[in-house]
Each structure stands twice: as structure tokens, then as C-alpha cells.
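Protein sequence lines correspond, in order, to chains W and P. Residue numbers are given in our numbering: position 56 of the first sequence equals residue 56, and the series is strictly consecutive. Each number in our numbering comes from the position in the second sequence (counting from 1) with 1000 added on.
Think of the hints as simulated: they come from the structure by calculation, not from any bench. Just so it is clear, CB atoms sit at the ideal spot from N, CA and C, and this is done for glycine as well. Hints may be right or wrong, so weigh each one.
With a Cα cut of at most 20 Å, we get these calculated SDA-like pairs of lysine to any residue [said to hold, decoys possible]:
#1 W:Lys193 x W:Leu248
#2 P:Lys1116 x P:Met1190
#3 W:Lys70 x W:Val197
#4 P:Lys1116 x P:Phe1168
#5 W:Lys193 x W:Glu209
#6 P:Lys1089 x W:Lys193
#7 P:Lys1246 x P:Arg1235
#8 P:Lys1242 x P:Arg1228
#9 P:Lys1089 x W:Val45
#10 P:Lys1089 x P:Ala1109
#11 P:Lys1089 x W:Arg250
#12 P:Lys1089 x W:Arg170
#13 P:Lys1089 x W:Arg169
#14 P:Lys1089 x W:Leu248
#15 W:Lys193 x W:Arg90
#16 P:Lys1246 x P:Met1190
#17 P:Lys1089 x W:Val112
#18 W:Lys193 x W:Ala18
#19 P:Lys1116 x P:Leu1175
#20 W:Lys70 x W:Thr144
#21 P:Lys1116 x P:Glu1105
If you only want the chain W side, here are some residues facing chain P, beta carbon under 8 Å, derived [said to hold, decoys possible]:
#22 Gly120
#23 Thr124
#24 Arg158
#25 Ile165
#26 Leu173
#27 Pro174
#28 Trp251
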Amino acid sequence: MSERSFAESDSGLAGLVAIGGLALVWETVGRLGISLFVPPLSGVVVVWWGLLTDGTLLGAARSSLLSLVKGFVPAACLGVALGLAMGRFRTVRLFFDGYVNTLMSAPLSALVPVLIALFGIRDTVVAATVFMFSFFVIVVNTVTGVRGTERSLIEMARMFGAGEIGLFRRIYLPSALPAVLLGLRLGAVQAVKGMVVGEMLISLIGLGERLIYYGNTFLITHLYAVILSVLLIAVLTSGAAQALDRALVRWK
Amino acid sequence: MDIAARGVSRRFGSVQALAEVTLAIRSGEFVTLIGPSGCGKTTLLKIIGGLVAADTGEILIGGRRVAGPGRERSMVFQDFALLPWATVKRNVEFGLLLAGVGREEREAAALRYIAKVGLAGFEDAYPGQLSGGMQQRVGLARALAVNPAILLMDEPFASIDEQTRRLFQDDLLALWSDERKTVVFVTHSMEEAIYLSDRVIVLSPRPGRVHEVLDVALPRPRDAADVRASVEFTRLVDGLWKILRKLQ
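Same shape as in the complex, but just chain W:
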């Protein structure tokens, strides 16, 4: 136990060193003024703080996060539900397997113009993009979790008289939980990608609009400040999912 926590704090330290190193190199290269496209990190942080306090970032982030939630929550609920059904029932699995596997590896950004045609240039498109990006990985992981249930656990529960509902609630569901939570974590990361892609393609709202605007107007320092904000959202989302994982799967 103590060895493991030592190793973990060790890797945490290594991560800090890596990030600190990168920050140092970035700052140095920026100060040398080699390229317009590499402003010093300190400048980026100052601009970031300015954008945060004048409300630009918060306004954009509010719109972005709203789309993230509107897309991810339905993706999580429907994804887990479909995954459970596919994992448990062969016919459901055979019916959906092809679609799910194809769409999971398809370049889904290509479908965003279709969504724009469908919904118009609105935040609904961003939410739909978020949904599309996160749904399939959640489904696939849930299916894997259900199908990975130990046969002997099923026999054991049947031996004690468990029916279909008992099996589902007492065996399949808790057995699939770690894989479901992994799916939600990967799904959340995908959702942030979907959010940025959607907003950049419609270039009208949220952090994605700011990315395009600062990029097109060569406000490179501002651009980096927004990129950092997006990264921060991604890290926080993933961290929240990981915390949920740790709280629910204590036995591992």
C-alpha cells in the first residue's frame, strides 16, 4: 500500500517537473522573440487574467459549458442505457453493433455541417456535436463491462434463485460499473473535444468562436489564453470523472 502511494506521489512530482520544464522553455523562447507565434508564457497569463476579469472568458465559457452539459448528459444516460441493453440482449447487440462500431471510429466532425443544416447556426449544433463525440465510446465501454461479467457469478446468483431483474441489479450492473465509469470518463474527454469542434465550425458562440476570432486577427497571446482555458476545462472534466470513479469503485 505504502509503496503504491509512494509511486503515485512520485509520478505526480514527475508530472509537475515536466509541466514546469515546459513552462520554463516556453517563457525563454518567448522572451528571445524568435517568432510572433510564441509569445512568452507570462504574457499569456496576464492576458488570460485580463480576459477572465473583463468577462470575455466567463461569457464564452458559460455558453460552452452549457452546450457541454446539454450534449453530455443525454449522451451519458442514453449511452449507458443502450450499452446495458446491447450487453445483455444478443438481438439488440446484433442490431446496433455495426452502427456503433462504425460511428465510433468515423471522423464525426464531417457530420457537423449536416447538423448545421439541420438545426441552423445555434448552440443546439454544439450540444449535438458533444453528444455525437461522447455517445459511442460510452456505449462501447458499457457493452464491454456487461459482457465481461463472470459466468460463475451469474450461476451463483441463479443458484440462489435470482431472476432476470435480480441478475441485472445484483450482478450485471455492479460488475459493469468500473467499465461504465471508464466509458463516462473517456466520453467526457470526447465531449470537450466535441464542444470545441462544434463551436469552431459554427464560429458564433463560446470559446470556439474566440479561438477562431483571435486566430484570424493574429491576437496570438489571446489565442493561447483561450487554448489554456479549454485545456483547463478538459483537465477538470476528466478529474471530476476520475473522482466519481474512485468514490464508486472503492473495492479495486
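Position chain P relative to chain W; hints supplied.
What follows is chain P alone, placed relative to chain W:
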């Protein structure tokens, strides 16, 4: 409760696992099923348990035909089949939970049987924190907690080391003489079969049939009588080996 198999056959695809198996097990008897791999002993145990259906023939428990699992039968599994996400106590309670027994009664029974199998103090441990032998003790406590008349054991000690296994065998016999269950025990080990049983049923492979039935007239309790050191024990194990060798 007594068990009777009448002309039980079962086929898996092109493999005839069991063919016309007929046998009778008396109430309170300790019977072992042994035979080479592929003789269908685990299949027969699962048919008695009601987990697998027979193609033809029938199993009678206390004179009533088996149509599926039932409260009077419990099973102990080779790989323990413990819920990894539940504590020892919750695992032992599991059968009672599915039977709809109330929380207090469940907990009381669980604590009693955890103590009976020698795991007092480990109630809140998770299976992953226990050794194989201890995990199987949880499996046994869980099977006993529902107070079944019949205990079905599918190679329960197969993945437990020899020293732990010997201790466990004596504990199992002590529990059995305490509770007087009918036990059907599947094993690969000839010593184990002779040491534990009243009778050893030898099955022949492909298709599985009852080949021979051995009576084991060794005194009980067997640990106190130092049965393993007796000439009779050695003679019985040797006799069983001679039968099994011909079936390989």
C-alpha cells in the same frame, strides 16, 4: 434430503456429456463424484443444482422433480464466485438477500456462519484482500447461510494449496457432522474423495456414465481416527487409482 438421478443424459453440441446416469444419494450422505476429465461430473452436479437442464431423464430431490435451482440446494464453486465489490459479510448475506430475508436476520446469520467457518474478524474485508483458502471459506459460509438440506460442491479445493486444503477438509467434515447436510462433492483428487466420503461414485468419460461405486467404511471423525495413516485408507486410494487408471 435424498437425491435420485434417473436416466439423466445431456449432450453439448456433438459431445455426449452424460448418458443414462442413474444413481441414488441418501439423506445426510457425503458422496463424491470422481472421474477423468470430460466424464461430466461437473455437468451432473449442475443438473442436480438445476443450473443445467437434462436432455432426458430426471432428478428427484426428496421425491420431487427438479425444474431449476431451489432453496433446499446450495452450491460452492471452484473459482469461489464471490462478489468482488462486496465485503465478506455482504457476500455471505447474498443468498439470504435474494431470498428476501430482512436485514437484521441476514446480518445475524452472516455473522454466525462467518464465525463457523473461522473467519471472525474478516467481516468487512473484500475478497481481493483474502487468500484463496479464506475466499473459499466465504463461499462455504454463503452456501450454508441459507440453511440448505443439500450442499453441492464443485471442486471447491482445486485451487487451494495442499496444507490449507487438509485443514479445510477437516473443518468441512466437522461442519457436516454438525449440520447433517447431504453433500455431493466433485473432485479430481483420489485422496480427497476417500478421506471425505461415505461413498465414491466413479464416472467414465465420453459419454459420462456411472462406472463403479465404492463404499468407504472408514471410521469418523476421520481426523481424530488418524485415517490418513491407516492401511485401509491407503488400500482404498490404491483401489480407486486402479479403477481410474483403466478409464484414462
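Take the C-alpha atoms of W:Lys193 and W:Glu209, compute the straight-line distance between them, and say whether it is at most 20 Å. 14 Å, holds
Run the distance test for P:Lys1089 versus W:Val45: straight-line Cα separation, threshold 20 Å. This hinted pair is violated, its Cα atoms lying about 54 Å apart.
Agreement of W:Lys193 and W:Leu248 with the hint, judged by alpha carbon distance not exceeding 20 Å: Outside the cut-off at roughly 26 Å; violated.
Given a cut of 8 Å on the nearest C-beta pair, is the interface hint for W:Gly120 held or broken against chain P? 47 Å, violated
CA of P:Lys1089 to CA of W:Arg250, is that 20 Å or under? Judged against 20 Å, a Cα distance of about 16 Å means the pair holds.
Restraint status (C-alpha distance of P:Lys1246 to P:Arg1235 at most 20 Å): 17 Å, holds
So if I understand the rule, the pair passes when the alpha-carbon distance is 20 Å or less; does P:Lys1089 with W:Lys193 pass? 44 Å, violated
If you draw a straight line from the CA of W:Lys193 to the CA of W:Ala18, is it 20 Å or shorter? Not OK: W:Lys193 and W:Ala18 at ~24 Å, beyond 20 Å, violated.
Does W:Arg170 sit within 20 Å of P:Lys1089, going by the straight-line distance between their CA atoms? It holds: about 15 Å lies between the C-alpha atoms, which stays within 20 Å.
Keeping to a limit of 20 Å between CA atoms, is the pair of P:Lys1242 and P:Arg1228 held or broken? 19 Å, holds
Evaluation of the interface hint that places W:Leu173 against chain P, nearest CB under 8 Å: 10 Å, violated
Hey, P:Lys1116 versus P:Met1190, does the alpha-carbon distance stay inside 20 Å? Violated - the C-alpha atoms of P:Met1190 and P:Lys1116 are around 27 Å apart, more than 20 Å.
The structure fails to meet hints 1, 2, 6, 9, 15, 17, 18, 20, 22, 23, 25, 26 from the earlier list, while all remaining hints are met.
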